[in-house]
Each structure stands twice: as C-alpha cells, then as structure tokens.
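Chemist: Numbering (the numbering used here), first residue to last: 18 to 648.
Please note: incorrect hints may appear among the correct ones.
Unchecked claim - Quick list of simulated restraints, FRET-style, between CB atoms:
1. Phe418 x Glu234: 38 to 46 Å
2. Lys293 x Thr257: 27 to 35 Å
3. Glu584 x Leu216: 45 to 53 Å
4. Trp262 x Pro388: 20 to 28 Å
5. Gly174 x Asp496: 21 to 29 Å
6. Trp178 x Ala141: 36 to 44 Å
Unchecked claim - Here are the simulated lysine-lysine pairs, DSBU-like style, with alpha carbons at most 30 Å apart:
7. Lys293 x Lys593
8. Lys391 x Lys170
9. Lys593 x Lys138
10. Lys391 x Lys403
11. Lys138 x Lys391
12. Lys333 x Lys593
13. Lys457 x Lys138
14. Lys391 x Lys457
15. Lys138 x Lys403
16. Lys457 x Lys290
Hints in this document: simulated from the structure, not taken from any laboratory. Cβ atoms here follow ideal geometry from the backbone N, Cα and C, with glycine treated the same way.
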Amino acid sequence: MGMDASSLIVDYLVFAVAILACSLVAVWQKFRGPKETTKADYVFATGTVSMGAMMLSIARGTLGVRSFLGYPSELVYRGAAMWETLYGMVCAFPIVIFIFVPVYYNLGITSVYQYLDMRFKSRAVRTLASGTYVIRSILNLGVTVFTPCVALKTVFGLPYWASIVSITIIGVGFTIMGGLKAAITADVIQGLLMIAISLAVIVQGTIDVGGVSPLVEVSSERGRLDFFNFDMDPTIRVTTVSAFWGQLFMSLSIFGCQQNFVQRYVSMNSQSKVTKTLMANIPIIIVLFSLSWVAGMAIFANYADCDPMKLGYTSKIDEIVPFFVEDKFLFLPGVLGIFMASLFNGALNLVVSNLNSLSTVTWEDFLSQVPQFKNFNDRQQLFAIKATSVVYGILTIGIAFGVAMFSGVIESSQLMTSATSGPLLGVFLLAMLFPSVNWKGAVAGMLWSHIIILWITFGGWMNVEKKTQLLDLSIAGCDNSSFNPYIRPPVSEMLYNLTLSNTAANFTYLPVVPEVAVETAPNTDFLTSLYSVTYMYYSLLGSGITVIVGVLVSYIVGTTEEDEYDEKLIHPLALKLSTYFPGPPRRYINNNSSNMESGTTDMKSQEQKISTISQGGFDIAKYKKTNTGPV
18 MGMDASSLIV DYLVFAVAIL ACSLVAVWQK FRGPKETTKA DYVFATGTVS MGAMMLSIAR
78 GTLGVRSFLG YPSELVYRGA AMWETLYGMV CAFPIVIFIF VPVYYNLGIT SVYQYLDMRF
138 KSRAVRTLAS GTYVIRSILN LGVTVFTPCV ALKTVFGLPY WASIVSITII GVGFTIMGGL
198 KAAITADVIQ GLLMIAISLA VIVQGTIDVG GVSPLVEVSS ERGRLDFFNF DMDPTIRVTT
258 VSAFWGQLFM SLSIFGCQQN FVQRYVSMNS QSKVTKTLMA NIPIIIVLFS LSWVAGMAIF
318 ANYADCDPMK LGYTSKIDEI VPFFVEDKFL FLPGVLGIFM ASLFNGALNL VVSNLNSLST
378 VTWEDFLSQV PQFKNFNDRQ QLFAIKATSV VYGILTIGIA FGVAMFSGVI ESSQLMTSAT
438 SGPLLGVFLL AMLFPSVNWK GAVAGMLWSH IIILWITFGG WMNVEKKTQL LDLSIAGCDN
498 SSFNPYIRPP VSEMLYNLTL SNTAANFTYL PVVPEVAVET APNTDFLTSL YSVTYMYYSL
558 LGSGITVIVG VLVSYIVGTT EEDEYDEKLI HPLALKLSTY FPGPPRRYIN NNSSNMESGT
618 TDMKSQEQKI STISQGGFDI AKYKKTNTGP V
C-alpha cells in the first residue's frame, strides 16, 4: 500500500517508539523491587499482584491479540455468529470458581498437572495431560505470533519471516528477564491501549457513515447481525447452539486446566480474592469482547458497497482492520503506528506469558523426572526453565509459518483450541468429580479421546472439500473517492491508470474478484458426515469421550490399594454424591487405618503431605505470608 511520505515516516517512528516503550517497561519491571531469585518468584510473582492488574491480565489472556484483529474481520466477511461464543465464555467463569479453584488452590503445586499425579498416582496421566497442554499452547502461540505479521506486511511491507522471528526472539528475551510479573504488568498496559484503539475505530467509523442508526441498519440489512440460530445441524460452522456448548467446554479447559491461568490464580493471596477477581472479570470480558465486534460493524458499514478485497487492496480477510486504520486516519498521523505497535506488543506479551507457563510445565512434568536433573537446586531449576523457553521459541517460529494455510486467525485459533481442549478438560473432570475413577480409566479416556478427535480433525481436513462461505460485499459504490488518495492497490492484483495530480492519483478500477469459497452439497456417507462436523463441537466430543471411557474402564478393572488418594483431592459435593451411585469401592487415605495415629488423622500433617507429594512443589501458603505487597 502507498501512503503520504510524511505520514508514513511518523507512523514508523511511533511504531518504533511504542515498541521501545514496551521494552523499557519490561526492563524497569525487572530491576525495580524484589529480584526474582527463586523459581517461585519467577513462576508465580507470588503475593505481589493487585486484583485490578490480575483482572486485566486474565481478560487479555482470554481474548488476546487475535480477537483484536480477527473478530472485526469475522463480522465483515462471515457475520456475527461467532459473537455468540460469548455466552459459553461467560458461563465458564462461575463453573471454574465452583469446581476447579477450591480443589487445587492451596495444594502447593508449581504445575497444575501435579494435581493429576496426586489424584491418580500415575506419571502416565500427568504426562498425557501436560503433553496435551504443551501441544495446544505451541499451536496457539503460532497463531498469536502470526496475527500481527499480517498487518505488518499489509501496511509496512515487512516480510512474514522478519516479523515472526523478531516477535519470537524479543518474546524469549522478555521471558528470560521478567517471569510472570512482567507479563502481567505488560498485559495491563496493552489491554488499555487496545481498548483505546477499538474505541477510536468505532467512533471514526460511526462518524463516517453518519451515526449509530446507519451503522446498525447497514449491518442488519446485509445479514451481519443474524443471531439466535438454533439449527441443530452439526455440520454448520457456527450456530447459537454450537457457539454456546463449544465455547463453554473450550473455556472450561482454558480457565480451569491451563497452566498460565492457574498460575495467575495461585499467585493471589487468598481464594476469596480469586473468586472476586474472576466474577468481576465477567463484565470486563463482555465489554472487551463486544468492542471488537462493534468495531467490525463500523468497518463493514464503511465498506459494504466497496469491498477492498474484491478490488485487490487486501488479499486476506484479516487485513481489513489495518486497511481501515490506514484509510480513515490519514488526518491523524501516528495512529496507524500506534495500532501496529499495539498488535506487535500484544503478541509479544502473550508470547511471554505462554512461554513462561510452557517452560514451567515442561520442567515440572518432564525434565525434573530425568535422573540427571533430579538433584538441581532452585537456581539451577530456574535456569533450566528459562533455557526451555528458548527451545519453545524456536518451535513457535515454525508453527507460525504454517498458520498461513488456514482461513483467518479466528478460524485457525478456534480449530486448534477445540481439537485439543476436550481430552484435557475430560481428565480433570474425571479427577475432581468421579471418585471411583482410577489411573487406568483416566489414561484410556484420554488416549481414546485423542485418537478419535485427531481422526475427525485430519479426516475432515484431508477428505472433505468444505470451506467456509464468505458473505458477499458489493463494489457498486466504488469511485475515486472511496479510499484516501494515498492508498495504492498491489500492481500484481489490480490494473489501474494513474493520472498524477500533485500527490494524489485518479485511477479506473478493473477489479480482481477473489473466488468465494462455498460449502459442498451434503453427503449421506457416514464418514463424510462425521468429517463434516464443525470444529466447534470438538471440545465437547473430546470431553465426553474421555469421561465415558474413563468411568467404564475404571468400573471394569476395579480399584486396588495403589489407587488410594486423599479425599480432599475430590470436589466436596462430588464426594458426597458419590455415595449414592454404584461402582468400585472408593479408597481414601483419610479413611485407611494404616494412615491414622491413635485412631485419628493428623490433618496438619496430611496437608503437608499433599503440598510435598510431588517433586517440585513448595509451601506456597508460607511463601505468600512473607511475600506480599501490591504491584
């Protein structure tokens, strides 16, 4: 794209300064206050994070830079059906508060997957769960890193490889420097900046179309606001039903079983504070999530009769947001630079947060079990965690290059998350809510769930010619004043005649209309129908398969003395209800006479046993009492 030279220079400078400012924040956070000298400091930022900062950090981790760029383009080219995933996302918070947080808040664990080791007495279960999380996180990191690269290439012409490598390298550097506290601080700043930019897009787009009423009317009349579609056909990409149930199970897996979120919960100094933070986060999520969609309405209303993609100005649907900023904010130099820096820094912050969690899980659940590493002291463990983040940074670069094969960042993100969420959520539900399930059932459930979901995913990808249908935009309203005079379409994608008039240009449109992908006709073949099931249901199917297989296998094989576990590892309500259901006998350490002294259980020693049962754990309750203070 072309731009006025002076405006482009200003945007480059603003972009560079904003990235430098983000870097300085990370460095400042590194050297102010108490130093991160232990693994606990680095992993948890224990006792040092305010409630307000944590709320914004969780909201940013939930939505991320993908929503900032992807949801507006989703509305413009596919409609608002995906907006209804908000229902499932919001409902997940109280469920996480009620089921997950009470079980493992005070267990003294560094990796959330240590809980599975305690509950099932099995390294196999813990390894499978941790491996699932690692794979999902790497895939999503690839999407996160690739997202701003689309905009950087569109506006500044920066090659994908340069953006991907630079974001990842800087992210790895910040991860080594800052740990969780630096990630949370940067999340707060970045979250506020993205809110400001979204509001600017909405305000400018509304002014340009003549007010709120025309904005809503155009979006509604052109089919962008079709809500409450209760069609039960599982092959439709997204309906109200699949949006709710699919997102609910994805969100439960993310909020309740994912390391980077659980790290934030246990970094707070009381369980009640976690509850208040998550509940207060619901209106924040609603507002931030909806802002992206309203911004999409503003962009669509401006381009409903003159689609930049049909004219060759953009080649991917995700390019529409940076195109709008470049087109409509010419009068305010620097706004485009801030927007681009926001995307870059947003991806950077998420890379830091997720690399921190990934490297922690890898150390606790894999490397710490290697004989050569078992005797590492705390400083050596911290070094190993940071070194692991470098390895994951390299893997992320490779994944990011593969994301370009998918149809938009939201499409790729939803597919990857849904396909890997089910088995992970299912095994945690088995551990917390089904007292009679043992490690054999948990392993069988996860394995069968992975096999079936991967089979459906790759089968659908390889064998079913089904693509997402893009809603049509018109070019009937295009003329020489449709876009600002300094924007140029790519020469390779559109022919135009230039007549120079000062710095402006007049040209005649010869549009290159991209082929619109359409859904194939329904097929009655069973495998084809199975492969055609929308990815929105993958998390629900995966969780259901894990739970059903896990319960059945545990019932068939029965339990032994090796399956004993502390009853505090089960949700209290599930423990009470389990007495009314048939199944193998439940074996609890608290009820075993061999673990009692003088006919009573020493509850304090039992709690200590839980906090130290897994290697790598530490007394987090004690640590919190001696390390408190606001950010």
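Chemist: Compare the structure with the hints numbered earlier in the document and write down the numbers of the violated ones, lowest to highest.
Modeler: Of the numbered hints, 4, 8, 12, 16 do not hold.
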